[in-house]
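Following the hints, complete the assembly by docking chains G, Z and X with the ligands onto the known chain B.
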Amino acid sequence: MRVSVTPEIVAAHGLKPDEYAHILRVLNREPNLTELGIFSAMWNEHCSYKSSRVWLRTMPTTGPQVVCGPGENAGVVDIGDGQVAIFKMESHNHPSFIEPYQGAATGVGGIMRDVFTMGARPVANLNALRFGAPDHARTRHLVYGVVAGIGGYGNCIGVPTVGGEVNFDAGYNGNILVNAMCIGIADASKVFYSTASGIGNPVVYVGSKTGRDGIHGASMASAEFDENSEEKRPTVQVGDPFTEKLLLEACLELMAGDAVIAIQDMGAAGLTCSAVEMASKGGLGLLLDLDKVPCREAGMTAYEMMLSESQERMLMVLHPDRTDAARAIFERWELDFAIVGETTDTGRFIIRHQGETVADLPVDVLAEQAPVYQRPWTPTPPAPYLPAKEIPDTDDLGATLARLMGGPHLASRRWIWEQYDHMVMGDTIQRPGGDAAVVRVHNSRKGIAATTDVTPRYCAAAPKEGGKQAIAEAFRNLCAVGAKPLAVTDCLNFGNPERPEIMGQFVGCIEGISEACIALDMPIVSGNVSLYNETSGVAIPPTPAIGAIGLLADVDKMATVAFKQDGDEIFVIGETQGHLGQSLYAREIAGRKDGAPPPVDLAAERRNGDFIRSQIIAGNVAAAHDISDGGLLVAIAEMALAGGLGCMLSLPRNAGPRHGFLFGEDQARYIACVSPQKAQAMIAAAQEKNVPVTRFGSVAGRDIVLDGKLVHSVAGLRSAHENWFPAYMEG
Amino acid sequence: MKARIHITLKKGVLDPQGKAIANALSHLGFDGVEEVRQGKYIEIDLADGDKAQARAKLDAMCAQLLANTVIENYTVELQA
Amino acid sequence: MKARIHITLKKGVLDPQGKAIANALSHLGFDGVEEVRQGKYIEIDLADGDKAQARAKLDAMCAQLLANTVIENYTVELQA
Amino acid sequence: MKSCVIVFPGSNCDRDVAVAIEASSGTAPLMVWHGETALPACDLIVLPGGFSYGDYLRSGAMAARAPIMRAVLAKAASGTPVLGLCNGFQIMTEAGMLPGALMRNAGLKFICRDVFLKVENTDNIFNRRYASGQVVRFPISHHDGNYFTDAATLDRLESTGRIAFRYCAPDGAVNASANPNGSLNNIAGILNAAGNVLGMMPHPERLIAPELGGSDGRAMFDALASLLQCA
Ligand SMILES: Nc1ncnc2c1ncn2[C@@H]1O[C@H](COP(=O)(O)OP(=O)(O)O)[C@@H](O)[C@H]1O
Ligand SMILES: [Mg+2]
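Chains as they are written, first to last, in the working numbering: chain B, 1 to 731; chain G, 732 to 811; chain Z, 812 to 891; chain X, 892 to 1122.
The shape of chain B in the complex, shown without the other chains (with noise of 0.2 Å):
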């Protein structure tokens, strides 16, 4: 079949024309409607990053601890004794948008592929999720279906779903976010990486056959939304999570010998993008020959082939002479394996497909040769600060407390938890619903813990602020727990960057970020970027999300939110200013969406998390919880909720403006419970380090009492807190 490459051929296929013209000159011929596809997968947004890569180069990502930074299929760090993590978070928002079930499922499914293509048994899964406002029509449902497929692949294969973050805004809904974190061990000794090397060696194909699946996915995931996009509808993934339970456990077993040269998996654009990045990566040519591929169904053209993006699947380059004991473990867990081509030393990568060369390329080209972007960009207005007189205090601090508790942003999001297996592999020493999850790493006293984090409407308000707040934010629920932070892996979602205004939010947020790393130290190792998240030219609020791991080296010495005993002294750990701009309670008790964000410290966040670290592993503390959403108040309910406890506070004398106090949004800050046997030798140890620290009260009873008056019982506040998603998904 020839088809010959009209104009629009070529806008359909996402290519600009002088990215078209650019095609033209280094082939020096036209391309034939395959090649047009190699191109257009690769030179995508989604495969090349032609919109972020400037800004991607400027973030760091290197330290002591990192083995292995951006550049492979996920971000490997050393956790010692011979052992690294290796995690990465990835978004599938479009196709979850469209398909809720199937996108979610297929997002997890693509996640744990990059994980444990790198050689790591995945132990931990998160999920950063936004929907849109929850009266909106579509939510509920989209809801449902997400959640569901985020369990339906992570329970079956097995792997813990141990965290996450959910916000609901009217700026999702059209454009729901969808992002996937995984984390995987292995042994430092027993890194895989897709480098390909060596000329003659066999290309092998692993896992399931390849079908008609998301063809033209990896464009999709990068095209604008508009009112047509129902029509896009058949391109849908299916996720088969038993497959890829095989498919991981097989490429384990095939890892734990020397068979391996080279090893990708097959995520956007399948076949297309692992060839061309395992060739170019080894500076080699690559010959692929179609008809050795498993297909599903007959008559599969070329074209389709190279676009499919059929779910667990691999692309290998292994040694010719360990080629038989690879197959024999493939077959063994009835897994397709057949050998697909060869690597060369010609540069170009080469496709046969019934006796007939249907293209070739220059690898480089392909791989490096990708458009880059100095797109155009204007810094988001700055905000003003908005003072808390300008606010009105509640006179009803019970009430407002549980409307805070008891609604969407706040509420307990267990209906969701509940779904996901999170105690399967035995290692989950800290369930979610605390400030991080955390999973002993297998046969030893240490733990990963993690967290996914982001403040959207910080972002929007102040992106550099909100950048910096969401590496804090993270850093903090590390800190709180015990864990020494180590490293970050990011998923950059944000509108149209061809928008001058949007592109300002993703440099701002970028830049935000890039700052807190350094002070806190916390490279970043891996991420993602999906941009064009717009519906009718409305873009989502910019939302950088920030998944990152720290180490405990031991689990026994890990802090919880949950009030432990009566009597035990409450602590604030850090300065409160009370700053109520864009908090929680600006925007949904006073109506008040206008204000800067709170201001970062960066210095303060390193010194109070190091602290409140310190005194965790030092044995002084019953309980920790960070500040966040909601405020200080918000953060003492979630203790008593997890406790079942109550408290007796008492405002201080330099309180300022008792909202701000008790709602404001100050960072760097934490609560801390301790025994009153210890109290001195913590409140000691902050002089020391000159962390201010605020005694708020202690530990009492079963409500939360205020200057000697009841705030709020504590089971009244848990129904509210626990009521609102169940009786919302019932609708």
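Some hints here could point you the wrong way.
What the hints assert, rightly or not - Under the rule of at most 30 Å between Cα atoms (straight-line distance), these lysine-lysine pairs were calculated in the DSSO-like manner:
1. Lys678(B) / Lys564(B)
2. Lys893(X) / Lys966(X)
3. Lys813(Z) / Lys733(G)
4. Lys782(G) / Lys862(Z)
5. Lys292(B) / Lys281(B)
6. Lys689(B) / Lys678(B)
7. Lys862(Z) / Lys771(G)
8. Lys1000(X) / Lys741(G)
9. Lys822(Z) / Lys733(G)
10. Lys733(G) / Lys830(Z)
11. Lys830(Z) / Lys862(Z)
12. Lys446(B) / Lys689(B)
13. Lys741(G) / Lys830(Z)
14. Lys209(B) / Lys813(Z)
15. Lys851(Z) / Lys292(B)
16. Lys782(G) / Lys821(Z)
17. Lys733(G) / Lys851(Z)
18. Lys813(Z) / Lys742(G)
19. Lys821(Z) / Lys862(Z)
20. Lys709(B) / Lys484(B)
21. Lys771(G) / Lys893(X)
22. Lys741(G) / Lys862(Z)
23. Lys209(B) / Lys190(B)
24. Lys209(B) / Lys742(G)
25. Lys822(Z) / Lys893(X)
26. Lys557(B) / Lys446(B)
27. Lys771(G) / Lys830(Z)
28. Lys564(B) / Lys709(B)
29. Lys742(G) / Lys292(B)
30. Lys733(G) / Lys771(G)
31. Lys851(Z) / Lys742(G)
32. Lys851(Z) / Lys966(X)
33. Lys389(B) / Lys593(B)
34. Lys771(G) / Lys292(B)
35. Lys209(B) / Lys733(G)
36. Lys782(G) / Lys851(Z)
Stated by the list, open to error - Derived list of chain G stretches under chain Z, where covered just means 3 residues or more per stretch with a C-beta under 8 Å from a C-beta of chain Z:
37. 756–762
38. 784–793
Think of the hints as simulated: they come from the structure by calculation, not from any bench.
Heads up, the beta-carbon is just placed ideally off N, CA and C, and yes, glycines get one too.
For chains G, Z and X with the ligands alone, kept in the frame of chain B given last:
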């Protein structure tokens, strides 16, 4: 009135269940199984007396809830 | 040869999925739904040419794997 | 003690239960591949949790027909203790080792959380270390745990003391609000007539140490280990 509804995966959409069933059948020694596709079968008892109305209603039920029209097709049969 | 297999819950076996569908339909404003039962529908392509043999084989497949005869009934239809 | 854990494609709690067995008995179990046709001499067989064959078609259906199951059935018939946890329980009912079926949870959702169980029958090798009527806390983690059987079988199970565990409230009350999945009579686990086969949906292997959030499951593995050690 009784309706029989069949919901099947669209052509070309991966059917992991069907694939696994086909494998299991061949392990059990059943040869000659070329393809297995699994769908749903739903029986609905309706109070309505009018056939045309019932059919319209069932169609709407399928489109709105019973079938996931992104990946599934459906057929409705009405019995007297 | 193509076979269509219907697997339905036996009478008296509670059908949580059917019940949930009935509830959801009424939530969506569909009235007059008296009962919903959900079953499975399986299509099998067989290489066999002989109808009687195929039918015996399909029966055995149902009894041995496709249906759980503790709670389910099955029917097999053969198409040319 | 010699024990075997059967590994089906898609099993995913096989390692977890092996850890529990080793913690109690000091000896790691043998992991036996589903495709084997014979079992070594052993004192305990475990069918672990997970999603054998993806739980496609029906949970446990395909695993119940795996080659190794013939040997498992034979050992069970000759009195070897067999423990089925979660997917293992589903496999047992599908294989006819235990009566009834595990249907989709009444709420239709997958549920992972700790539940309270009332220990009903302690006169068996699995539950000897629990007191009759004791309330224990185990996690559940399943989509298809809604126990169903016909009325006559249910009567027989009830009247012959074959209910091993029932879902209950923290104070031991067995009622509808303590029933997470719609199981008949709040049944969480049952025994065969001889008492050497136990199938249950909850996961005792997940709560065997304080750092995991509790140790109520430990007693089951301790009981098996001590009994089998002096056997
Ligand atoms: N925002 C980011 N920050 C840091 N690294 C990034 C970011 N986005 C992408 N990367 C890195 O770029 C590489 C390519 O990303 P991607 O195409 O998403 O990986 P994959 O092909 O495995 O899906 C990865 O190594 C990823 O970690
Ligand atoms: Mg990858």
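Do the hints match the structure? See the list:
1. Lys678(B) / Lys564(B): holds, 14 Å
2. Lys893(X) / Lys966(X): holds, 14 Å
3. Lys813(Z) / Lys733(G): holds, 26 Å
4. Lys782(G) / Lys862(Z): violated, 36 Å
5. Lys292(B) / Lys281(B): holds, 24 Å
6. Lys689(B) / Lys678(B): holds, 17 Å
7. Lys862(Z) / Lys771(G): Roughly 25 Å between the alpha carbons, so the hint for Lys862(Z) and Lys771(G) holds.
8. Lys1000(X) / Lys741(G): holds, 25 Å
9. Lys822(Z) / Lys733(G): Between Lys822(Z) and Lys733(G) the Cα gap is close to 16 Å, so the pair holds against 30 Å.
10. Lys733(G) / Lys830(Z): This hinted pair holds, its Cα atoms lying about 16 Å apart.
11. Lys830(Z) / Lys862(Z): Since the Cα atoms of Lys830(Z) and Lys862(Z) sit roughly 37 Å apart, the hinted pair is violated (cutoff 30 Å).
12. Lys446(B) / Lys689(B): With Cα atoms ~27 Å apart, Lys446(B) and Lys689(B) stay inside 30 Å; holds.
13. Lys741(G) / Lys830(Z): holds, 26 Å
14. Lys209(B) / Lys813(Z): holds, 23 Å
15. Lys851(Z) / Lys292(B): Judged against 30 Å, a Cα distance of about 35 Å means the pair is violated.
16. Lys782(G) / Lys821(Z): holds, 28 Å
17. Lys733(G) / Lys851(Z): holds, 17 Å
18. Lys813(Z) / Lys742(G): Since the Cα atoms of Lys813(Z) and Lys742(G) sit roughly 16 Å apart, the hinted pair holds (cutoff 30 Å).
19. Lys821(Z) / Lys862(Z): holds, 27 Å
20. Lys709(B) / Lys484(B): violated, 39 Å
21. Lys771(G) / Lys893(X): Given pair Lys771(G), Lys893(X) is violated - Cα atoms ~44 Å apart, limit 30 Å.
22. Lys741(G) / Lys862(Z): Distance ~28 Å between Lys741(G) and Lys862(Z) Cα, so the pair holds.
23. Lys209(B) / Lys190(B): Holds - the C-alpha atoms of Lys190(B) and Lys209(B) are around 28 Å apart, at most 30 Å.
24. Lys209(B) / Lys742(G): Holds, because 15 Å separates the two Cα atoms, which is no more than 30 Å.
25. Lys822(Z) / Lys893(X): Not OK: Lys822(Z) and Lys893(X) at ~44 Å, beyond 30 Å, violated.
26. Lys557(B) / Lys446(B): holds, 10 Å
27. Lys771(G) / Lys830(Z): holds, 15 Å
28. Lys564(B) / Lys709(B): holds, 22 Å
29. Lys742(G) / Lys292(B): This hinted pair holds, its Cα atoms lying about 23 Å apart.
30. Lys733(G) / Lys771(G): holds, 17 Å
31. Lys851(Z) / Lys742(G): With Cα atoms ~18 Å apart, Lys851(Z) and Lys742(G) stay inside 30 Å; holds.
32. Lys851(Z) / Lys966(X): Violated. Lys851(Z) to Lys966(X) sits at ~34 Å, over the 30 Å cutoff.
33. Lys389(B) / Lys593(B): Roughly 15 Å separates the two Cα atoms, so the pair holds.
34. Lys771(G) / Lys292(B): Given pair Lys771(G), Lys292(B) is violated - Cα atoms ~34 Å apart, limit 30 Å.
35. Lys209(B) / Lys733(G): violated, 40 Å
36. Lys782(G) / Lys851(Z): Judged against 30 Å, a Cα distance of about 25 Å means the pair holds.
37. 756–762: holds (count 4)
38. 784–793: Per the Cβ count (3), the hint holds.
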